[in-house]
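Sequence order for the protein chains is H and B.
For the first sequence, the UniProt record's numbering assigns the number 1 to the initial residue and increments by one for each residue that follows.
For the second sequence, the UniProt record's numbering assigns the number 1 to the initial residue and increments by one for each residue that follows.
If you're looking for bench data, these hints aren't it; they were derived computationally from the structure.
Worth double-checking, as some hints may not be accurate.
[To be verified] In the DSSO-like style, the derived pairs of lysine-lysine whose C-alpha atoms are separated by at most 30 Å in a straight line are:
no.	chain 1	residue 1	chain 2	residue 2
1	H	K137	B	K191
2	H	K137	B	K277
3	H	K137	B	K397
4	B	K45	B	K143
5	H	K137	B	K253
Take a look at the letters that make up each chain.
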Amino acid sequence: MTNAPPGASPRRRLSASLHHRPRVRLSLLLSGPLIWLGLAYLGALAALFVTAFWSTDVFTGRVVVSWSLDNFATLARDAVYRTITVRTVGVAVLVTVIDAVIAFPMAFAMAKFTSRRTQRLLVIAVMTPLWASYLVKAYAWRSMLSGNGVLHWLLAPVGLDGPGYGLTATVITLSYLWLPYMILPIYAGLDRLPDSLVDASGDLGARSVRTFFSVVLPLAMPAVIAGSIFTFSLSLGDYIAVKIVGGTSQLLGNVVYDNIGAANNLPFAATVATVPVVIMLLYLAAVRRTGALDTL
Amino acid sequence: MKNTALLAGLLAAGLVLTACGTTSSNTTATGGTAFTPPSLPALGKLGPGEGQLSVLAWPGYAENGANDPKVNWVTPFEQESGCKVNVKPFGTSDEAISLMKTGQYDVVSASGDASLRLIASGDIEPVNTSLVPNYADVFGFLKNQSWNSVGGVAYGIPHGWGANLLTWRSDKVSPAPTSWSTLFDPNSKYKGKITAYDSPIYIADAALYLKAHQPDLGIKNPYALDSTQFKAAVDLLKKQRPLVSEYWSDYLKESQALTSGDAVLGTAWQVTVNVTKAGNVPVESTVPAEGATGWSDTWMVATKSQHKNCAYLWMNYIISPKVNAQVAEYFGEAPANAKACAQTTDAKHCDTYHAGDSAYAAKIAYWTTPISQCLDGRTDVKCEDYGAWTQAWTEIKG
Numbered sequence: 001m002t003n004a005p006p007g008a009s010p011r012r013r014l015s016a017s018l019h020h021r022p023r024v025r026l027s028l029l030l031s032g033p034l035i036w037l038g039l040a041y042l043g044a045l046a047a048l049f050v051t052a053f054w055s056t057d058v059f060t061g062r063v064v065v066s067w068s069l070d071n072f073a074t075l076a077r078d079a080v081y082r083t084i085t086v087r088t089v090g091v092a093v094l095v096t097v098i099d100a101v102i103a104f105p106m107a108f109a110m111a112k113f114t115s116r117r118t119q120r121l122l123v124i125a126v127m128t129p130l131w132a133s134y135l136v137k138a139y140a141w142r143s144m145l146s147g148n149g150v151l152h153w154l155l156a157p158v159g160l161d162g163p164g165y166g167l168t169a170t171v172i173t174l175s176y177l178w179l180p181y182m183i184l185p186i187y188a189g190l191d192r193l194p195d196s197l198v199d200a201s202g203d204l205g206a207r208s209v210r211t212f213f214s215v216v217l218p219l220a221m222p223a224v225i226a227g228s229i230f231t232f233s234l235s236l237g238d239y240i241a242v243k244i245v246g247g248t249s250q251l252l253g254n255v256v257y258d259n260i261g262a263a264n265n266l267p268f269a270a271t272v273a274t275v276p277v278v279i280m281l282l283y284l285a286a287v288r289r290t291g292a293l294d295t296l
Numbered sequence: 001m002k003n004t005a006l007l008a009g010l011l012a013a014g015l016v017l018t019a020c021g022t023t024s025s026n027t028t029a030t031g032g033t034a035f036t037p038p039s040l041p042a043l044g045k046l047g048p049g050e051g052q053l054s055v056l057a058w059p060g061y062a063e064n065g066a067n068d069p070k071v072n073w074v075t076p077f078e079q080e081s082g083c084k085v086n087v088k089p090f091g092t093s094d095e096a097i098s099l100m101k102t103g104q105y106d107v108v109s110a111s112g113d114a115s116l117r118l119i120a121s122g123d124i125e126p127v128n129t130s131l132v133p134n135y136a137d138v139f140g141f142l143k144n145q146s147w148n149s150v151g152g153v154a155y156g157i158p159h160g161w162g163a164n165l166l167t168w169r170s171d172k173v174s175p176a177p178t179s180w181s182t183l184f185d186p187n188s189k190y191k192g193k194i195t196a197y198d199s200p201i202y203i204a205d206a207a208l209y210l211k212a213h214q215p216d217l218g219i220k221n222p223y224a225l226d227s228t229q230f231k232a233a234v235d236l237l238k239k240q241r242p243l244v245s246e247y248w249s250d251y252l253k254e255s256q257a258l259t260s261g262d263a264v265l266g267t268a269w270q271v272t273v274n275v276t277k278a279g280n281v282p283v284e285s286t287v288p289a290e291g292a293t294g295w296s297d298t299w300m301v302a303t304k305s306q307h308k309n310c311a312y313l314w315m316n317y318i319i320s321p322k323v324n325a326q327v328a329e330y331f332g333e334a335p336a337n338a339k340a341c342a343q344t345t346d347a348k349h350c351d352t353y354h355a356g357d358s359a360y361a362a363k364i365a366y367w368t369t370p371i372s373q374c375l376d377g378r379t380d381v382k383c384e385d386y387g388a389w390t391q392a393w394t395e396i397k398g
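Just chain H, same shape as in the assembly (with noise of 0.2 Å):
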């Protein structure tokens, strides 16, 4: 503040008082997201944490604040839910692994042997998809699987069938919806991978295979990892894509929905919810480990 001309407007004062209080500018900058990421997000899943606790009179309807454990109880209890979460998981693992190795040749390709040119027309073409509703591209995909679907009429001359629906529609259907989401960040880290460590790598003698394994792999290990977050918690939550082409199979955001849509049961369906938080604060953890969000 002394530092300010005499006469200086407050609003100069002010920014030059700011200036020279790093940390305050930094605070008053952080604060907005901060009281957004506290209130309206972490906010919001508290709420979600306590109405677990809680139960509902199912004639009337009403929320009863009675603390118990009983939907805790009823979740460990009932084979079903555990049948349920061993299957959302499987599935989220499926289209996980399946995206990424789809997406790294790709992403590979794009960021390595294109001109620059080939490479912002394939990005656009990776990112088309994402302007499609994700609504309409769910359905394009229940008519290509339905009986007499594309993929019927494709597989019938060689004596197969198409999956119907069902689990394998499921992952499949889930795979490409979340596809963009999986090579977009690979794509962005072999892009910042130095091609001076790929011709350092040849310099020494070694061949293009154990370049690859031992230089950008592991270089471009927390790229895919990060794609892994997006695509395995995606697909932890979905229940659309479920709904649409999953036929009788149900996956945990199912039972959310329905506890919250048809049975108008919330606190259990905060209970239920809790699942993939739980799973993905274990995946995360899981990730910290390897060290892999050190270098994000």
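Model the placement of chain B on the given structure of chain H, informed by the hints.
This is chain B only, laid out in the frame that chain H set:
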């Protein structure tokens, strides 16, 4: 370390806020074990309209021209009554229930699986049917039923109804099915091509089937199931699951499955059959010998309503012959008003939907919320309530 402290602080703040926000509003839970509706008076005499009305309705029940300028029965009512109408559509019975709890709505078009819950919680009050002149023309078999009255007291004005029909692709299913058994036969040749309704209330369809085929279970009302009967119905549905290609809750999605041939057999609404037939797909439907489940909707007045005179004017208007006919045709259901049948643009509408056919209507077990007090009058056993039905439904789907 600092970050952790900050995080903990924010979490604690969130906890405190949520705790404050919710404890106060939920102190009057009535408990769902016994069903004695709160004692509330019906409106004694009609006064002048209050100039305003909030309507909570199924989509299509209170069109104001916003979706289709040609479909508008709200504006004529506004001009006639001087009550300005706000319409809020809802998607499920449970959504309707939670919206009614806000106290912001004056009338609601409740289905049978919602109405008893609204009555029990005191959100809905009895209606004085003598203040609704058009009530006289409502088909007798819709009045004072278990889903719109308690102890002989009417809680609403019937609006329209429909059945959950046994439906099949006539080119792919032969001979034409005549019984619900065709949906429950484990050796069915239509395995994997069957579709079933995706709601806990579908358990009643299985109970209805068992009522006819396993008389020793003693099922009288498919919505009043003691634990033995309930288990039998749930087991039947668990055995049915491998036959099912998918459960439907969106009638257009079901129509699409019937069109593509992914489903050839199942339960459907009349409107689904009509929509599918309109696409030149050969589908047929019937109410088999065992009867069928169905739905019947009722206009009800909110206890907290500040615009009760407008609410009564609305109820009388919406079931007047002409408007009732318009709504029934637009939505695809049987109208409640007998005189509406003469007003439909399609002269055969009431025949298609069996509107005046009390024998047909008697074959239908209308959706009702299952409560622990058995609805069939038994007092020696406890019945499974809707909460148990919901949990069982998750289990059935596996």
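* Asked: Taking 30 Å as the top limit, are the C-alpha atoms of K137 (chain H) and K277 (chain B) close enough?
  -> holds, 26 Å
* Asked: For the pair supplied as a hint, K45 (chain B) and K143 (chain B), is the alpha-carbon distance within the 30 Å limit?
  -> holds, 21 Å
* Asked: For the pair supplied as a hint, K137 (chain H) and K191 (chain B), is the alpha-carbon distance within the 30 Å limit?
  -> holds, 28 Å
* Asked: Is it true that the CA of K137 (chain H) sits at most 30 Å from the CA of K253 (chain B)?
  -> holds, 15 Å
* **Straight-line alpha-carbon gap K137 (chain H) to K397 (chain B), limit 30 Å** => Within the cut-off at roughly 25 Å; holds.
Hint compliance for this structure: every hint is met.
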